[in-house]
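Protein chains in written order, with the working numbering: chain R, 764 to 1074; chain P, 764 to 1074; chain F, 764 to 1074; chain D, 764 to 1074.
I should point out that these hints are in silico values taken from the structure, not numbers from a laboratory.
Note that the structure is predicted; figures quoted are calculated from it, not measured.
No residue lacks a Cβ here, since even glycine has one placed at the ideal position from N, Cα and C.
Hints may be right or wrong, so weigh each one.
Cβ-Cβ distance ranges computed for the label pairs, FRET-style [unchecked claim]:
#1 R/R973 to F/K974: 38 to 46 Å
#2 D/T945 to P/G905: 47 to 55 Å
#3 R/K775 to F/G963: 50 to 58 Å
#4 P/L961 to F/G905: 52 to 60 Å
#5 F/G905 to D/P1054: 46 to 54 Å
Partner residues aside, some chain F positions facing chain R, computed with beta carbon under 7 Å [to be verified]:
#6 E804
#7 Q928
#8 G933
#9 R953
#10 S956
#11 L961
#12 P964
#13 C993
#14 A997
Number of protein chains: 4
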Amino acid sequence: MLSIGVDIGGTKIAAGVVDDSGEIIAATTRSTPATDTEQIEAGVADAVAELRADHQVVGVGVGAAGFVSSDRRTVKFAANLAWREHPLADELEQLTGLPVVVENDANAAGWAEYRFGAATAARHMLMVTVGTGLGGAIVLDGQLIRGSGGFAGEVAHMTAVPDGQWCGCGRRGCLEQYTAGTALVRTAKRRASAGDALMGPLLQAAGGARKEIDGPLITRLAQQGDPGACALIAELGSWLGVGVASISSLLDPDMIVVGGGVAAAGDLLLDPARTAYADHLTARTHRDLAPFVLAGMGNRAGIVGAADLAR
Amino acid sequence: MLSIGVDIGGTKIAAGVVDDSGEIIAATTRSTPATDTEQIEAGVADAVAELRADHQVVGVGVGAAGFVSSDRRTVKFAANLAWREHPLADELEQLTGLPVVVENDANAAGWAEYRFGAATAARHMLMVTVGTGLGGAIVLDGQLIRGSGGFAGEVAHMTAVPDGQWCGCGRRGCLEQYTAGTALVRTAKRRASAGDALMGPLLQAAGGARKEIDGPLITRLAQQGDPGACALIAELGSWLGVGVASISSLLDPDMIVVGGGVAAAGDLLLDPARTAYADHLTARTHRDLAPFVLAGMGNRAGIVGAADLAR
Amino acid sequence: MLSIGVDIGGTKIAAGVVDDSGEIIAATTRSTPATDTEQIEAGVADAVAELRADHQVVGVGVGAAGFVSSDRRTVKFAANLAWREHPLADELEQLTGLPVVVENDANAAGWAEYRFGAATAARHMLMVTVGTGLGGAIVLDGQLIRGSGGFAGEVAHMTAVPDGQWCGCGRRGCLEQYTAGTALVRTAKRRASAGDALMGPLLQAAGGARKEIDGPLITRLAQQGDPGACALIAELGSWLGVGVASISSLLDPDMIVVGGGVAAAGDLLLDPARTAYADHLTARTHRDLAPFVLAGMGNRAGIVGAADLAR
Amino acid sequence: MLSIGVDIGGTKIAAGVVDDSGEIIAATTRSTPATDTEQIEAGVADAVAELRADHQVVGVGVGAAGFVSSDRRTVKFAANLAWREHPLADELEQLTGLPVVVENDANAAGWAEYRFGAATAARHMLMVTVGTGLGGAIVLDGQLIRGSGGFAGEVAHMTAVPDGQWCGCGRRGCLEQYTAGTALVRTAKRRASAGDALMGPLLQAAGGARKEIDGPLITRLAQQGDPGACALIAELGSWLGVGVASISSLLDPDMIVVGGGVAAAGDLLLDPARTAYADHLTARTHRDLAPFVLAGMGNRAGIVGAADLAR
């Protein structure tokens, strides 16, 4: 049974026909005109039309960054698009004539990992996406957890530090301010600005310009063994582990999947996360530690997860 | 359809026959010899035998304080009893000849509230029990969340304050150290010891002896309007709200049930909790606030929930 | 005995002839061309020349924002000017032919309060200046505390919150990030951005534009009794009190002088500071609480203090 | 010129005749009957009588644990003795016929280090005594800082962690709860109790009994290279460095002297302290780092400092 998955990103729409085993057997893209929601819908419809011309599909799953209603039909709020309480599923069903479900993009990606990727052996999975920001997805006993209003899985805004760093969400000390790409880069710049000698090689690699320091540069230097870059990634990982330990007190997952751009640092990120998780997990002597594994689906996860959820 | 619920507490075994509507139609108790697990099992079997003499029951649900395996058959660890990886369900099935399931007592109580008590209108419920310690139970879409090893719902040991107060679990800053009865009493004693004038009436009510200050005394003075006692309860409530906000980022429940001995303070506890929850909840302008309600089943919850889970 | 005090600010040079009782008996100003240190020195020399034409003076004291060497001759670093290890005293002595001492501007102002202002009754004074940033000055037993390198009195950069808000100084959780004008305005904007209803009147007073919220507006609304503005000032005051309590553990001053723009809020700021100070001060039952008083010299303090230090 | 120094400890009175160069040229001791202040005074008088029989002395300096009035005549409060607002100097002058000054014991020891020990090269010294508790002494420009009520130098009760570990003083998060011997041992026990494998060798060295873990054992294992013990000492050192950095923002000392029992760990303690100090010190690129050195006078410091202060 085939279905179509669509991943609406900030700069492009990626769509694919996905089979029962999670393989993408055909794919296409459209560019995203971020400010015009009608054009986005037209682009989705157009991509779907192209794909179904050659394949018999039972429905369409759409992943989008934002809060999606728990009935999977309405985008309540999208960070980067103009949608507010937007009936996306209805409109796309009209345009395509196919059943459509909408899902938060992190949830779609998490579902793909659970069904076909790194977490097929898991029963209760926590996925954490450490990209520019911090995303999360929770699957318990085969059920994707969406919450009453579609807001579940927002690990980013759990309070990590009372009275800590202000967050863009208007509150202080959110976990995202300690373990995400922007936190990584900010810490690097601040420490460089304070004359921290450990940041020297990183600053040099940025041509001496603090503002040129970015996440990929830090990751690259860390992979080359630079102590400063490694310390930055390790600090991020430690906070990740602390956060996952709190979540595990609540949900007791048996597998932790880590995705997102910063996950390219691999064990440089995961090892400190594992250590902090073990150090902060209650009842450690009575329970098994959950393994931390890297996400395995890459950027296909959004399409595959959305498609699978549409079946 | 009737079933028997059993609540194994620190000083007694309470059992009852429960009907489909959550009513206890017959009840009995046995005293608990806490150190002898065989006698506890014999007591449970004896109580079950008494109850089924007059009622046709389909099974037995047993609630116990401790970690229970996710298949609901084994007590992995009990704080106050000598059970370690103890096959409680097997042994009670042998003794009673009835199907038996075991459940963590906070989970059983939470389930009772969800099915018959304060949260019958909820789809996704978080219950927090603020007693001597802090307990939790999570029901999402009709599913009680137990986690991979039966450790889910341990809100007590989420990290509230990095490097904060040491917890009996061997880690620092656990939420339980800020919002439970022991935290309430400790704060009162410490502030009294530091000469805090606000603690004066409380100290006086304790006959001038700091060690006589306990939770019920603080609650009683708060209900009489004593500013010091009210401030203590309010501080507890604020931490509760902060914790619930973090949990809501993760699970997005639509109802928060608060039980336990400290909940006797009512809105003196709940109002500060509501305020802190609203202040710390991300995306507040896009979502509904979950109501905080008091648990409604009292100490019947353990029996009723366990019985219902056995059906 | 007369001396001249000079206050080098960001936009102007203010100078005055000061008598033994701390009165300014003649005054003049020059505009400050912030980027040209030669012109600043010429401006100071010119103002001094004008003033001494009519008065017999024994020396010149110069207050400047920045780190000043403990021998009071060199500006090591100035935040807003181009001075780096600049021999300001030497150069001004050459230009004026008078003995010159240089002092940090917060120290000069603190000295004025100690000698002629709010703290004449103090033996050991802590002055905290809550302006855009946070400044401090310490006088113990008649000795202005400068430290080994002239860095003493930097209350701004004591750590208030481990892993807290990043500070411009490249470190996290500095007290200035919690109790200064920029912190006040940032908190207001963040809370307004999060949809905090308490910020409604403030936002309205700012014409609905978050970026128009500033310190004087918050202070004005607080003085009119707006609960949101009062809460913002009170939170600032609480952190101030916590910081002063830590400083008092170390130095045990007998008077706390609070100056700077935010001090215009008066007891709306000071009362929460007093409460938090009392709550966080160790050995409270064995000691007297130090009074918190408002600075009394206004913007004359810089000139008067610098002049007096030159005698 | 000779004077007598007396160190009143919990179990004995140690006294000595001290010369201008800080040498003890004669010494004696008496046992301390801790609960009888008259006997303590008689013991001090007796020791003084013995010593002056052979030496011409100009006065007596007495060091005592507790709060001493800033005029150095009255013990306001002693932790381990029954003195409350006790006119110790007056009474000892009557008993001995010699001029007597009283000083806080940590201050006396700090003064000895400044005058004759590790800090003779310092102009502005901070001494931190990391024993069972945390003590401090401050000497700025040759002046011992006592504060308005004799409470200065209480580094122990600066707030290190808002809402952190409760302190015996009735407040939360005092620095002493993070960097003193009791904190060291508590952390070890808690981590061992949580099943932290890193604590294994330490627990083994304690014969498997958590309650047998004490400071000297941890120090010994750290000196033998045990990673767990080293981590415990290092964590203590890091907090020490953070605290010293805050103090340095305020006082800018040019030397940090570290004494007390835990200082026996040497660089295992000092190196992490130095690192954390450098990382948390503001304006690091504009200033010299103060050296951290070990105290050099050992337990003679109390006698020598008290004697010298009596001249």
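Right, here's what the structure says about each hint:
Distance hint check for R/R973 and F/K974: the Cβ-Cβ separation is about 25 Å, which falls outside the suggested range of 38 to 46 Å. A hinted range of 47 to 55 Å holds for the C-beta pair D/T945 and P/G905, which are about 50 Å apart. The hinted range of 50 to 58 Å is not satisfied by R/K775 and F/G963, whose Cβ atoms lie roughly 40 Å apart. Taking the beta carbon of each, P/L961 and F/G905 are about 37 Å apart, not inside 52 to 60 Å as hinted.
At roughly 29 Å, the beta carbons of F/G905 and D/P1054 sit outside the given window of 46 to 54 Å. Taken as an interface hint, F/E804 does not check out: its beta carbon lies about 28 Å from the nearest beta carbon of chain R, beyond 7 Å. The beta carbon of F/Q928 comes within 5 Å of a beta carbon in chain R, closer than 7 Å, and the hint placing it at the interface holds. The beta carbon of F/G933 comes within 2 Å of a beta carbon in chain R, closer than 7 Å, and the hint placing it at the interface holds.
Here the hint on F/R953 is kept, as its CB sits about 5 Å from the closest CB of chain R, short of 7 Å. With its C-beta approaching chain R no nearer than about 5 Å, F/S956 sits inside the 7 Å limit, and its interface hint holds. Contact between F/L961 and chain R, as hinted, is not supported at the beta carbon level, the nearest pair being about 12 Å apart and thus beyond 7 Å. Proximity of F/P964 to chain R is violated relative to the hint, the smallest CB-CB distance being about 17 Å (cut-off 7 Å).
The criterion of a C-beta within 7 Å of any C-beta in chain R is not met by F/C993, whose closest approach is roughly 19 Å, and the hint is violated. Among the interface hints, the one on F/A997 is violated; its C-beta lies about 15 Å from the nearest C-beta in chain R, farther than the 7 Å criterion.
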